[in-house]
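Visitor: From first to last, the protein sequence lines stand for chains A and B. Mapping to the numbering used here: the first sequence position 30 is 30, numbers consecutive. Throughout, the numbering used here is defined as the position within the second sequence, counted from one, plus 1000.
For the record, the hints were derived by calculation from the structure and aren't laboratory data. Certain hints may be false.
[Claimed, not checked] Calculated cross-link-like contacts (lysine-lysine; reagent style DSS-like; alpha-carbon spacing at most 30 Å):
| # | chain 1 | residue 1 | chain 2 | residue 2 |
| --- | --- | --- | --- | --- |
| 1 | A | K150 | B | K1137 |
| 2 | A | K174 | B | K1078 |
| 3 | B | K1119 | A | K174 |
| 4 | B | K1128 | A | K87 |
[To be verified] Quick list of the computed label-pair ranges, beta carbon to beta carbon:
| # | chain 1 | residue 1 | chain 2 | residue 2 | range |
| --- | --- | --- | --- | --- | --- |
| 5 | A | S72 | B | V1174 | 55 to 61 Å |
| 6 | A | T65 | B | P1121 | 33 to 39 Å |
| 7 | B | L1056 | A | P160 | 50 to 56 Å |
| 8 | B | F1117 | A | T101 | 39 to 45 Å |
| 9 | A | D153 | B | G1022 | 40 to 46 Å |
| 10 | B | P1121 | A | S28 | 27 to 33 Å |
Here a beta-carbon is modelled for each residue, glycine too, at the ideal position from N, C-alpha and C.
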Amino acid sequence: MRFALFCTLLIAATAAVAAPLTIDYPKSSVTFVSKQMNVPTPGRFKKFSAAIEFDPAKLDTSKATLELDTGSIDAGSAEGTDEAIGKAWLHAAKFPKATFTSTGVKSLGGDRFEISGQLTIKGKTLPVTAPFTVKTQGDRQVYEGAFLIKRLDFGIGDGPWNDPDTVANEVQVKFRILAAPGK
Amino acid sequence: MSIPRYTAVAVLFHWLIAVAIGSNFVLGLVMTDMAMSPAKLKYYSYHKWAGVTIFLLVLLRILWRLFHRPPELPAHMKTWERALAGVSHLLLYAATLAVPLTGWLFSSAKGFKTVYFGKWPIPDLLDKNPLLADLLKEAHENLAFLMAALVVLHVAAALKHHFIDRDDILARMVPGLRPRTGG
Chain A
1 MRFALFCTLL
11 IAATAAVAAP
21 LTIDYPKSSV
31 TFVSKQMNVP
41 TPGRFKKFSA
51 AIEFDPAKLD
61 TSKATLELDT
71 GSIDAGSAEG
81 TDEAIGKAWL
91 HAAKFPKATF
101 TSTGVKSLGG
111 DRFEISGQLT
121 IKGKTLPVTA
131 PFTVKTQGDR
141 QVYEGAFLIK
151 RLDFGIGDGP
161 WNDPDTVANE
171 VQVKFRILAA
181 PGK
Chain B
1001 MSIPRYTAVA
1011 VLFHWLIAVA
1021 IGSNFVLGLV
1031 MTDMAMSPAK
1041 LKYYSYHKWA
1051 GVTIFLLVLL
1061 RILWRLFHRP
1071 PELPAHMKTW
1081 ERALAGVSHL
1091 LLYAATLAVP
1101 LTGWLFSSAK
1111 GFKTVYFGKW
1121 PIPDLLDKNP
1131 LLADLLKEAH
1141 ENLAFLMAAL
1151 VVLHVAAALK
1161 HHFIDRDDIL
1171 ARMVPGLRPR
1181 TGG
């Protein structure tokens, strides 16, 4: 009896929220573009995990979290990567994760949406908003979007690097997540 | 004054390029020795901008040279001396093109676009390729040192002409240096 009740509650709870999606990590990416002396320099995070519950009909309960392994950064070159992991930049030894937790999703019309949330890097949490699109590719859904952060707001690039003339303050972060519905 | 001098344009091209190459060679040695810092990134950009400028100047100089014969070599020079002078000058022209060219290719293969004066992006002739980048780095460095060796030979030859042969080879390229003969 108790079990039946539990099952009923569980089903009810599942129905109320959008179902979690299975992420296809090899085909998903979190990349970024920084500017060094006005030269666009692309990079990426090799390891991250995401949890997405998305239903365009239930945006109120749609949500997403993203967790980046800061130590898995590829800053475009071996020298750049060594530097980026270091204390002045991401300080991966002390802050191994950067996280994003959504606070809301709204529609921008058609397949365009906007996600808002809290981004935590290097122990500092700031709100970010990112427009994204949802497209269907075979049996997959492709979530693709981008947003700008100001690296100095998070203390990324301390000390001598606190100079946006060499490495620009604005860093564009791009995500492309491929997911299949259900588990 | 009947001694054949280089024209003002030839003298200007020679010294402008000589000073630019000398400075950029030293800058290259200094910047590669530096620890990672904003100054290092700045110097790399300056080095690339200077390299592009030198490459353009050398192209202009060669174009100009195609339509302007240099003054005759002194009559006392033996055939093998003339041949050696011809070959070494040809190699100098080749090196002054090859060094910036390999630098540009190296930068592209390394994944860093060259943005001239931080404003004008120069197309990448190569895609990012770390293995090729290492080879091009070696080529760029070795060619730069080969060029330096050619410059040493070039200067030694000029001094030999001036102090041993006591001819006007040096005087006709150095503004203000009085020719020994003629008049």
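Visitor: Honestly, do L1056 (chain B) and P160 (chain A) meet the 50 to 56 Å range at C-beta?
Guide: 33 Å, violated
Visitor: Verify the CB-CB distance for F1117 (chain B) and T101 (chain A) against the hinted window 39 to 45 Å.
Guide: For F1117 (chain B) and T101 (chain A) the Cβ distance comes to about 42 Å; the hint holds.
Visitor: Do S72 (chain A) and V1174 (chain B) keep their Cβ atoms within the hinted range of 55 to 61 Å?
Guide: Taking Cβ atoms as reference, S72 (chain A) and V1174 (chain B) lie about 59 Å apart, which means the hint holds.
Visitor: Within 33 to 39 Å or not, the Cβ separation of T65 (chain A) and P1121 (chain B)?
Guide: 37 Å, holds
Visitor: Does K174 (chain A) lie within 30 Å of K1119 (chain B) when you go C-alpha to C-alpha?
Guide: Roughly 24 Å separates the two Cα atoms, so the pair holds.
Visitor: Within 30 Å, alpha carbon to alpha carbon, are K174 (chain A) and K1078 (chain B)?
Guide: 68 Å, violated
Visitor: Take a look at whether the Cβ-Cβ distance between D153 (chain A) and G1022 (chain B) falls inside 40 to 46 Å.
Guide: 43 Å, holds
Visitor: K150 (chain A) and K1137 (chain B): Cα distance at most 30 Å?
Guide: 33 Å, violated
Visitor: Range hint 27 to 33 Å: satisfied by the CB atoms of P1121 (chain B) and S28 (chain A)?
Guide: Check passed, 29 Å falls within 27 to 33 Å.
Visitor: Mind checking the alpha carbons of K1128 (chain B) and K87 (chain A) for me, to see if they're no more than 30 Å apart?
Guide: 27 Å, holds
This entry does not satisfy hints 1, 2, 7, going by the numbered hints stated previously.
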